[in-house]
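Residues per chain, in single letters:
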Amino acid sequence: MRGWWRQQVMGQAVVVMVVMVMSMVVADAAAVVDVYRMIQYDLRGAPMGSRRAALNHHATSGFDVAGADLSRAVVILPVLEVNISSLNEFVQNKGLLGGLLLLLPQRSHESGGGEGDDSDENVGKVLVELEQWLVHNTFQYPVYFAYEDDYVKSVLQEVSANDAAGRPATATTGGYKLVVSVSEAKKIATPTLTNIQGWLPGLRAEGDNSMLPTIAIVASYDTFGAAPALATGSDSNGSGVAMLLELARLFSRLYANPNTRGPYNLLFGLTSGGPYNYNGTQNWLRNFDQRLRESMEYALCLNSVGSSSDHMWLHVSKPPENAFIKQILSEFENVAEGLDLTVELKHKKINISNSRVAWEHEQFSRQRITAATLSQLEEASELLQQTGGIADSRRAVNETVMMRKIKLVAESLARRIYGQQGTQVEVFAAGTNLALSPAYVRSWLDLLGRTPRVAPFLGKNAPIITALHKELAQYTKDASLQHETLDSTFVFYDNTKAQLNVYQVASVTFDFIVALAVGSYLIILFVVLFITTKGVDDFLGVFRKAPSRKFKSS
Amino acid sequence: MTFFHFFNCAALTFGPHAIYYKATPLSEYDTFNTCIKAAIVYLTTTFLKLVCLATFVQVSEHDTGFDLPQELLKGLIGFLDVAGLYYALTQVSHRSISQTHKFQAVALGWAFADAVLHRLAPLWVGAKGLEFTWEYLLQGVEANAHLVFTVSLAALGSLMWLRKNKPSALVPVIYASAAVVASMPSVVSYLRKGLAWDFEKVVSFELSASIVMAFVSWRLFSACQRPSQ
Numbered sequence: 001m002r003g004w005w006r007q008q009v010m011g012q013a014v015v016v017m018v019v020m021v022m023s024m025v026v027a028d029a030a031a032v033v034d035v036y037r038m039i040q041y042d043l044r045g046a047p048m049g050s051r052r053a054a055l056n057h058h059a060t061s062g063f064d065v066a067g068a069d070l071s072r073a074v075v076i077l078p079v080l081e082v083n084i085s086s087l088n089e090f091v092q093n094k095g096l097l098g099g100l101l102l103l104l105p106q107r108s109h110e111s112g113g114g115e116g117d118d119s120d121e122n123v124g125k126v127l128v129e130l131e132q133w134l135v136h137n138t139f140q141y142p143v144y145f146a147y148e149d150d151y152v153k154s155v156l157q158e159v160s161a162n163d164a165a166g167r168p169a170t171a172t173t174g175g176y177k178l179v180v181s182v183s184e185a186k187k188i189a190t191p192t193l194t195n196i197q198g199w200l201p202g203l204r205a206e207g208d209n210s211m212l213p214t215i216a217i218v219a220s221y222d223t224f225g226a227a228p229a230l231a232t233g234s235d236s237n238g239s240g241v242a243m244l245l246e247l248a249r250l251f252s253r254l255y256a257n258p259n260t261r262g263p264y265n266l267l268f269g270l271t272s273g274g275p276y277n278y279n280g281t282q283n284w285l286r287n288f289d290q291r292l293r294e295s296m297e298y299a300l301c302l303n304s305v306g307s308s309s310d311h312m313w314l315h316v317s318k319p320p321e322n323a324f325i326k327q328i329l330s331e332f333e334n335v336a337e338g339l340d341l342t343v344e345l346k347h348k349k350i351n352i353s354n355s356r357v358a359w360e361h362e363q364f365s366r367q368r369i370t371a372a373t374l375s376q377l378e379e380a381s382e383l384l385q386q387t388g389g390i391a392d393s394r395r396a397v398n399e400t401v402m403m404r405k406i407k408l409v410a411e412s413l414a415r416r417i418y419g420q421q422g423t424q425v426e427v428f429a430a431g432t433n434l435a436l437s438p439a440y441v442r443s444w445l446d447l448l449g450r451t452p453r454v455a456p457f458l459g460k461n462a463p464i465i466t467a468l469h470k471e472l473a474q475y476t477k478d479a480s481l482q483h484e485t486l487d488s489t490f491v492f493y494d495n496t497k498a499q500l501n502v503y504q505v506a507s508v509t510f511d512f513i514v515a516l517a518v519g520s521y522l523i524i525l526f527v528v529l530f531i532t533t534k535g536v537d538d539f540l541g542v543f544r545k546a547p548s549r550k551f552k553s554s
Numbered sequence: 555m556t557f558f559h560f561f562n563c564a565a566l567t568f569g570p571h572a573i574y575y576k577a578t579p580l581s582e583y584d585t586f587n588t589c590i591k592a593a594i595v596y597l598t599t600t601f602l603k604l605v606c607l608a609t610f611v612q613v614s615e616h617d618t619g620f621d622l623p624q625e626l627l628k629g630l631i632g633f634l635d636v637a638g639l640y641y642a643l644t645q646v647s648h649r650s651i652s653q654t655h656k657f658q659a660v661a662l663g664w665a666f667a668d669a670v671l672h673r674l675a676p677l678w679v680g681a682k683g684l685e686f687t688w689e690y691l692l693q694g695v696e697a698n699a700h701l702v703f704t705v706s707l708a709a710l711g712s713l714m715w716l717r718k719n720k721p722s723a724l725v726p727v728i729y730a731s732a733a734v735v736a737s738m739p740s741v742v743s744y745l746r747k748g749l750a751w752d753f754e755k756v757v758s759f760e761l762s763a764s765i766v767m768a769f770v771s772w773r774l775f776s777a778c779q780r781p782s783q
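Listed in order, the protein sequences are those of chains A and B. Note that the numbering used here numbers the first sequence so that position 37 is 37, with each residue one more than the last. So the numbering used here is basically just the index in the second sequence, starting at one, shifted up by 554.
One chain only, chain A, in its complex shape:
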């Protein structure tokens, strides 16, 4: 009786233990790698990007590995070895895949200089093409980016070696298993676009109560890329933001003293929503009051001014014959000559019925405000192109040439403000306290080159927004934030960063073999002990009486 009761208790204890054990999941990987998820978004309702986030599959090194089950495998591809056309074929044929892990070349930690060598350029080109293809396609499986450090390289090497030797990793053969345990991505309910503005009031002549004319200097600061956690956009549009901040700093110096304050108001605007047809700019303009709108003489938008090229374009939507446009252009050209830069006019008509807004100045033009965009880019980009993705690295920006371009804009604006058109006066001369500050520009370029700035993922209180706000508040009056919601053409899903656990798993067959070995060992042990202590007769007697009660199996 006692024995039976004891067995009951033991049995129940075992069951409880088993249940407890099953409900605890221990993740104790050999290595953990930071991975960055590809963007997931809906464009006008159509699902784009990678639609899944959780990953739990074996690793494989390519699409043509014999014996591998691709629908339960994660393909690891270094980006430089990606063949976009064959990948495209695979995706168009709706091939099933467990997941895709793209390896980016190891990032070096040098800051920009603009003198990247050819390999950098090649990498840049490959990345641009790949990002464009990724962003415009839909993937029903998780896609992640990771940097190729030594550990990842060694894993890939081992996986390739195994695949080449005909032993692809599957559940039955063991190998490397890649696990990302995150929940599925949720929609970002209210993606916020935050515009930051600062105001430098000009000097009104005594007795004059009318509103002074205003010149606006605008740059969009947000980015978009295939991996939102990596879209740091140094040239698009980190360079524009840095230029704007330097201009704000210089003109705030000039305007600090009433003797040198110009008869123009200056409005600095850092807008968000650039990649999404300049949605933020549109909202910002809608909120202008009528007086401000009427006083706006013109708006200069800065977009991608950081390359080493000395040829700049002034994009306008008013026809080139327009007198005002001619004036502005000649102001720029006069200054540019002295700086070994060239500025060329490019005219693009606005099509009101087309919702695509390729340049920021078009949003102003739609509100009947004269505007132009200064850029090193010649052609207008398509939707979600040139938006500062992974390919746009800090090294793409050439600070030296950029300083000359900043001087170009600063001097041209100064000549307009102080009525010095046609003269060769230099306001921001080197060695004075109005000199340009390369260190200032460099520090902002470095910060922006480290900060991913995809607007829906920034939220209202992102550190970069606070930093830009503080900076403008330092140099201008009435620095304020304006929060708007991104229009519903674009819907974004969260989950941008995760940790990848890499496990080396043994195959199921191995576990079975071990179980068999342990089981037979225990049985042999039992038999040996039984026979040596009680004798062979007793042993055989067990079989005759109660066949399986005394046998303990593992």
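Hints in this document: simulated from the structure, not taken from any laboratory. Certain hints may be false.
[Unchecked claim] Cross-link-like lysine-lysine pairs, in silico, DSS-like; alpha carbons within 27 angstroms at most:
1. A/Lys534 x B/Lys591
2. A/Lys460 x A/Lys477
3. A/Lys534 x B/Lys603
4. A/Lys326 x A/Lys346
5. A/Lys497 x A/Lys186
Position chain B against the provided structure of chain A, taking the given hints into account.
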């Protein structure tokens, strides 16, 4: 299949204890209480050992070296094990069971408590993960070797303290073997740290040593058997 692996390793580590109990006459004579008491004595002994280790032994900065004075001190504290076994064999009152069964039951309880205390937690945490290593299987083999060691030590201990009439020629041999078995932990730690052997080599050494010592103690035990028993 990681729970599978956990069950495999657990079976390898704890299975032999259960089988030893069931397969030998121990189960028939209902020596379970003896095992429990021995386990409790083991717990107390380990606790005392830990207190001594914490008080007297210095933690060295370099883990890899084999610091002879410290290791000797640790070995000395290890002899507390022997004292514990002595206590379990002699002082704790058992129901009247024969000599042969008493030492086996004590050894079983002792070794089982040791296996649970030292090996269950690492097994639980480690073997359930996805990552595979040989470590836990080797740990199971080590637990088996330890069981054999404990049985030999208990046999020699019972010979030393419970048996009144021993052939005098064998007495020094008995004490020598007991000393060898008791100092096994120090030897193993020397192999691991001083000579930096791999875990597999250490475990195979333990296994072979345990079989040798078991054989020796078995011969000694049967030599000391009285004809009437």
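So, going through the hints one by one against the coordinates:
1. A/Lys534 x B/Lys591: With Cα atoms ~25 angstroms apart, A/Lys534 and B/Lys591 stay inside 27 angstroms; holds.
2. A/Lys460 x A/Lys477: Roughly 21 angstroms between the alpha carbons, so the hint for A/Lys460 and A/Lys477 holds.
3. A/Lys534 x B/Lys603: Since the Cα atoms of A/Lys534 and B/Lys603 sit roughly 38 angstroms apart, the hinted pair is violated (cutoff 27 angstroms).
4. A/Lys326 x A/Lys346: holds, 12 angstroms
5. A/Lys497 x A/Lys186: Roughly 14 angstroms between the alpha carbons, so the hint for A/Lys497 and A/Lys186 holds.
Hint 3 from the earlier list is the only one contradicted by this structure; the remaining hints agree with it.
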